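Visitor: The primary structure of each chain is shown beneath.
Protein chains: 2
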Amino acid sequence: MPEVLIRWTENPIIRTSDCKPSTAGLEVACVLNPGAFEYKGRIGLLLRVAERPLAKQGQVATCVLDEHSPGGVKPVYYRLDDPQLSRDDPRVMSYAGNPFLTTLSHLRLAWSHDGRHFEIEPEPVLRGQGLLQTFGIEDCRVQWIDDKYWLTYTAVSEAGVAVAMSSTRDWLSFEHHGVIFPPHNKDCALFPRKINGAYWALHRPSGARIGGHNIWIANSPDLCHFGDHRCLARSRDGFFDSERIGANASPIETDAGWLLLYHGADQKSRYGLGAMLLDRDQPWKVIGRTNEPILAPMADYETSGFFNQVVFSNGHIVRGDQIDVYYGAADQVICGSSARLTDILGSIVPHQ
Amino acid sequence: MPEVLIRWTENPIIRTSDCKPSTAGLEVACVLNPGAFEYKGRIGLLLRVAERPLAKQGQVATCVLDEHSPGGVKPVYYRLDDPQLSRDDPRVMSYAGNPFLTTLSHLRLAWSHDGRHFEIEPEPVLRGQGLLQTFGIEDCRVQWIDDKYWLTYTAVSEAGVAVAMSSTRDWLSFEHHGVIFPPHNKDCALFPRKINGAYWALHRPSGARIGGHNIWIANSPDLCHFGDHRCLARSRDGFFDSERIGANASPIETDAGWLLLYHGADQKSRYGLGAMLLDRDQPWKVIGRTNEPILAPMADYETSGFFNQVVFSNGHIVRGDQIDVYYGAADQVICGSSARLTDILGSIVPHQ
Chain A
1 MPEVLIRWTE NPIIRTSDCK PSTAGLEVAC VLNPGAFEYK GRIGLLLRVA ERPLAKQGQV
61 ATCVLDEHSP GGVKPVYYRL DDPQLSRDDP RVMSYAGNPF LTTLSHLRLA WSHDGRHFEI
121 EPEPVLRGQG LLQTFGIEDC RVQWIDDKYW LTYTAVSEAG VAVAMSSTRD WLSFEHHGVI
181 FPPHNKDCAL FPRKINGAYW ALHRPSGARI GGHNIWIANS PDLCHFGDHR CLARSRDGFF
241 DSERIGANAS PIETDAGWLL LYHGADQKSR YGLGAMLLDR DQPWKVIGRT NEPILAPMAD
301 YETSGFFNQV VFSNGHIVRG DQIDVYYGAA DQVICGSSAR LTDILGSIVP HQ
Chain B
353 MPEVLIRWTE NPIIRTSDCK PSTAGLEVAC VLNPGAFEYK GRIGLLLRVA ERPLAKQGQV
413 ATCVLDEHSP GGVKPVYYRL DDPQLSRDDP RVMSYAGNPF LTTLSHLRLA WSHDGRHFEI
473 EPEPVLRGQG LLQTFGIEDC RVQWIDDKYW LTYTAVSEAG VAVAMSSTRD WLSFEHHGVI
533 FPPHNKDCAL FPRKINGAYW ALHRPSGARI GGHNIWIANS PDLCHFGDHR CLARSRDGFF
593 DSERIGANAS PIETDAGWLL LYHGADQKSR YGLGAMLLDR DQPWKVIGRT NEPILAPMAD
653 YETSGFFNQV VFSNGHIVRG DQIDVYYGAA DQVICGSSAR LTDILGSIVP HQ
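Chains as they are written, first to last, in our numbering: chain A, 1 to 352; chain B, 353 to 704.
Do not take every clue at face value.
[Unchecked claim] Negatives, chain A to chain B, calculated, CB over 10 Å: (1) Ala24; (2) Ser112; (3) Trp144; (4) Thr254; (5) Asn291.
[Claimed, not checked] Covered by chain B, per the in silico footprint, the following chain A stretches (three or more residues, Cβ under 8 Å): (6) 42–52; (7) 86–100; (8) 159–169; (9) 176–185; (10) 323–337.
Everything labelled a hint here was simulated from the structure, so no lab data went into it.
Remember, predicted model here, so these are calculated numbers, not experimental data.
Cβ coordinates follow ideal geometry from the N, Cα and C atoms, glycine included.
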């Protein structure tokens, strides 16, 4: 079955060389996984920019946020031949058994009039702050609900990987609402309106020995306190999403139900995009799901990069029946793709 | 430093032989980890009863909840020499890579007039129900708040290990509030009253690669929806609680602050009890903590059993300066111990 999402010919639309480092002495290793929204007639992307110090010969370098260091960033260097250093994943390494990230991410705004050509702001709009974000903030979803934009993003620190939330009306001042889902959790997408009198969120907790990496749903009276968590959908043995799944951005309301785009990875950590349809009034019920990815890593910029074989999305723009899906490719650059919602809905296989 | 908690001479006070199986064909493997409360002049314990089918020669047996099976319990047998079977922990095994528990737990009431001699009800008061509890429910904390008892317990299923909540006024009818903390989470203890206009809970999420097993605190407008999660206290390298920590039952209000008893385990999974003191008005601030356990596995019934080297508590009764701490010993039997709150407070080392 052919993919439903059509790549843009100008991909990648944003590369690391387009993005200035936030701090002297750092390099931009990846610019990826943007949230997407509309504001005053423009398309905004909220980029994840992943940085690290320039490494010297024979060393590996990363950095963490530290209010006592110059510029708030503390570089960390290790000798490559240090036996206490373990580097089996491009994204995470550990020293003396203590894991940490290989890059430090912040969020940065980029603006466009046509949704394809972006001007990137020179400074971060949001950096990690406090003890729960010392390893940075990542992969922000943006959704307008009621009267402001709500931002849900991954907050990483020694204390774990959690979901934090902020809100803004003008992209200049922000209110911070703290951690809404404790570790280990990622991939939080808010529904754009109340359903049955409550706000709803999708999130992706991870089990320890039991449980896996599945999409859950919860509701809230105020968007800040969540309860009644239920497992919405699980990874599927033998499919492209056999190991882990997580929501893209907010579900899209259609006559058929809530259309949820999501990412799925297999045992080899190959990340593709899928879609499922949720009941419009009972969003914890899955009506159907694609059996094949609607986008899978195939282009060079998707198969090879900072972390190979990845297409990952947390931002899209919907206009009528048309959706533009922004995505991170190989965890290194930003690309775009488009489809008709009708075609995505047509690729969903109803549950028996 | 000597232990602060004094064991009762009649320990264990409840053994597996005291407890009838809930279902024909099952045996009680463990009776452990009781919640404790007072009701109409009696002491109530809410026992965790862990059962399994009697295994035939050369087999291992467990069971899961299944509404389509007779009695609601589906037995599962595996041949011990099946190469797909993995049994490296007495509590968890896996088949073909799918983990499950070696026993199925329910909650059962026991009543006493003196707090030491208990009459155990013949039937479970709460069994697992629904898809998020197919592997049972465990380790219930009980706390009276406002106008009823609130029960927080571990709910286990293929979808993971989570915290679920129910409430009751009469121990006959229950209201179920679903999962309040998604996987991987355990050891939830509620504060007995509002602080600064909000309800508060301690819980113990677990990280995947990053984060460990630490005590977090969250607040709620209604006890059912939680937010503003913060990491309260972490495991400590080189101490008895170097690998994982989790709250016992509800914190105890004292003039000095909230006294929290907790369990800590080291890298060898040896579980002891410790104590910490939290600020009375800002309960996310730790004032001090014991450096030595106030109870550690030493008695025969603590060092050897279903899972060796464990003392674990999720229930206590406080009367004036006196505390009776009920605890599971070696994950197999129930014991009691006592101390003066003054002595526990005196063992806490203030933070510098």
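Visitor: For every hint, state whether the structure bears it out.
Guide: Now the hints, each set against the structure:
Non-interface status of Ala24 of chain A relative to chain B is upheld: no Cβ of that chain comes within 10 Å, the nearest being about 28 Å off. At roughly 34 Å, the least C-beta separation between Ser112 of chain A and chain B is larger than 10 Å, which holds for a residue marked as non-interface. A cut-off of 10 Å between C-beta atoms confirms that Trp144 of chain A is not in contact with chain B; the least separation is 20 Å. Residue-level check passed: Thr254 of chain A sits 27 Å from the nearest beta carbon of chain B, beyond 10 Å.
For Asn291 of chain A, the condition that its CB be more than 10 Å from all CB atoms of chain B holds, with the nearest at approximately 21 Å. By the rule of at least three residues with a Cβ nearer than 8 Å to a Cβ of chain B, the coverage given for the segment 42–52 of chain A is violated, with 0 such residues. Counting residues of the segment 86–100 of chain A whose C-beta lies closer than 8 Å to any C-beta of chain B gives 3; at least three are required, and the coverage claim holds. Evaluation of the coverage hint for the segment 159–169 of chain A: fulfilled, as 4 residues show C-beta separations to chain B shorter than 8 Å, against a requirement of three.
Coverage of the segment 176–185 of chain A by chain B holds [criterion: at least 3 residues with CB-CB distance below 8 Å; count 9]. Taking a C-beta to C-beta cut-off of 8 Å, the segment 323–337 of chain A contributes 0 residues in contact with chain B, too few for the three needed, and the coverage statement is violated.
The structure fails hints 6, 10 (numbered hints given earlier, in ascending order).
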